[in-house]
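Please build the complete structure, drawing on both the sequences and the hints.
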Amino acid sequence: MIFISNEKEKERVLSEISKTLCENFGLKKVYFAESVGRRLHHIAGYGEESFYPSEKFHLSHNLYVFIESNEELKDDRREKILDFIERELRRLK
Amino acid sequence: MLTAIEKKWKDNRFELIKKYEKLEKRKDFIDDNLIWDLIKKNENPEPKRIREILSKARELKGLTPEEVAVLVNCKEPELVNELCETASYIKQEIYGKRIVLFAPLYVSNTCVNNCIYCGYRRSNPAIKRHTLTMDELRDEVKALTSVGHKRVLAVFGEHPNSDAFYIAQAIETIYETKEGRNEIRRVNINAAPMTVEEYRLIREVGIGTYQVFQETYHHETYKKLHPKDTLKSSFLWRLFALHRAQEAGIDDVALGVLFGLYDWRFEVLGLLFHSLDMEREFGVGPHTISFPRLKPAVNTPFSTSSPYLVSDEDFKKIIAILRCAVPYTGLILTAREAPELRKELIKVGVSQTDAGTRIAVGGYRQMQKEHIPEKQQFLIDDTRTLDEFIYELLKDSLIPSFCTACYRCGRTGEHFMGLPKSAVIKFFCTPNAVLTFKEYLLDYASKRTKELGEKIITQYINDLFQIRPALAMRVEEYLEKMEDGERDFYI
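If you read the protein sequences in the order shown, they are chains A and B.
This note's numbering puts the first residue of the first sequence at 1, with every later residue one more than the last.
This note's numbering puts the first residue of the second sequence at 1001, with every later residue one more than the last.
Careful: at least some of the hints might be erroneous.
[Stated by the list, open to error] Only some residues are given here: those of chain B computed to face chain A with a beta carbon under 7 Å:
{"#": "1", "residue": "Leu1201"}
{"#": "2", "residue": "Glu1204"}
{"#": "3", "residue": "Gly1410"}
{"#": "4", "residue": "Leu1419"}
{"#": "5", "residue": "Lys1421"}
[To be verified] The calculated label-pair distances, taken between Cβ atoms and stated as ranges, are:
{"#": "6", "chain 1": "A", "residue 1": "Glu55", "chain 2": "B", "residue 2": "Gln1459", "range": "23 to 33 Å"}
{"#": "7", "chain 1": "A", "residue 1": "Leu82", "chain 2": "B", "residue 2": "Val1196", "range": "29 to 39 Å"}
{"#": "8", "chain 1": "A", "residue 1": "Leu82", "chain 2": "B", "residue 2": "Tyr1308", "range": "57 to 67 Å"}
Hints in this document: simulated from the structure, not taken from any laboratory.
Predicted model only: the values in this text are computed from it and were never measured.
All C-beta atoms, glycine included, are put in the ideal place defined by N, C-alpha and C.
This is how it looks when you write it as structure tokens:
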């Protein structure tokens, strides 16, 4: 759950996290989306579209992250990425 | 005559619209004189000029209003052919063989407006009025999904019975209605203009695309056809409806014109100016454009006597021009048109269409009836079943799509439009079309459709292996899982 009431600020923070992930974890693209009803609504992201299937992770009750990599994520790498996101989001609480 | 409750609701809303008109800071971007000047200035264009514009259109960068004004004046049969060929080329380059299918779902036909051309106008006694209860709506959804539909366009009249709260409840009900594997995965809406707060309400329940048609962009005609004591009389309230929807966070919005109310050349430019203004303010144009033609409606003389009814030839030209002008915007054709014509129009640029359509309120539960005129807004010319329609598409090697992946992956609005559309369609939309079509073949198709459909999927996978082996393997893996009973895969 992200406790940022201002939409612009939320976009900025999530863009930054996406950018850091791409740069430090060698990912092609990362973007965040929130669920509204059955729709996943794009919030912010970073990177270049690879046109390969992305992996989707549910982060909190309405927040999701999509990760595109050149290769399928190995378990330990996936864990590190998700740990990083969780840490960053916790910092915002 | 309106009841006391209807009148009170209408008067309150009328006041709200008047207040809005005073506060709206946006400038009306439809300049009638400018549009007519553009059309007149470019009458009788040189063939060389037309060919230059068509050549530019082939670069897939869209056209300016001035260039569109030239094309609407293109009359020479040879040049019109070249225009249609260019549009077909653009369609093929960007959209390939995929065509998205949906079903319109008329939820209510009660309306406080009195539009001269509309069968649902309040003063038309020939229409049997009804707003579906949530139970009736569930039955309609079950009837629709039992034949394979996954996407609906829910249509509402402007009335206290179908206000924003009702619309939100209807969207939730449609999503919740499931029977075995049958379900709707994307609910698009066609409803009257609302306030930003009301749009937020329907965004929260997961609307797909929000659609509102201006009907006509010509101010004088708009005024004449929408009586001044009605909610629809405000040109600006309607013109900026999609801007307000965007403000509320609904980022897939859709434009439309009812062709036949005014000179079609003017309306095509109106659509373009609307699209450009949305791009200017929000950085993203409309998701789709619809171009229904005025059709006969019960006890509605204007629907057959309008001086601006559009011929089949001009209609084809309209679609071809729009395809050239806004290459990346989805174009929606409806079952108002006859089967043979639809086949031809799909080739010149249509990317979405409805199928197995019944437009009477409660019409899907009465599928055996082709028309229920006293419950319909107008009459439709294509009453084929979904399976019959799909079989015809397959004969033209087209791939039907029931895909709803983009809005379930956050690929919407600016984020989606910023990507090269041809690549998006090639590497996301078409594989997803194949995956959803496979579901249709497994769960709903007739024998002949299944046989032909499987051949087309095999061919597609073979082609995909040549250009994108990793993606082809993933699609194949999903197809196998579907054979084993799993569902709802997407890239």
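Evaluated hints:
1. Leu1201: Check failed: Cβ of B:Leu1201 comes no nearer than 11 Å to chain A, outside 7 Å.
2. Glu1204: This hint holds: B:Glu1204 lies near chain A, its Cβ roughly 6 Å from the closest one there, short of 7 Å.
3. Gly1410: holds (3 Å)
4. Leu1419: holds (5 Å)
5. Lys1421: Constraint on B:Lys1421 not satisfied, violated at 11 Å.
6. A:Glu55 with B:Gln1459: 23 to 33 Å: holds (29 Å)
7. A:Leu82 with B:Val1196: 29 to 39 Å: Holds - the Cβ-Cβ distance for A:Leu82 and B:Val1196, about 36 Å, lies within 29 to 39 Å.
8. A:Leu82 with B:Tyr1308: 57 to 67 Å: About 59 Å separates the Cβ atoms of A:Leu82 and B:Tyr1308, which means 57 to 67 Å holds.
In this structure, the earlier hints numbered 1, 5 are contradicted, and the remaining ones agree with it.
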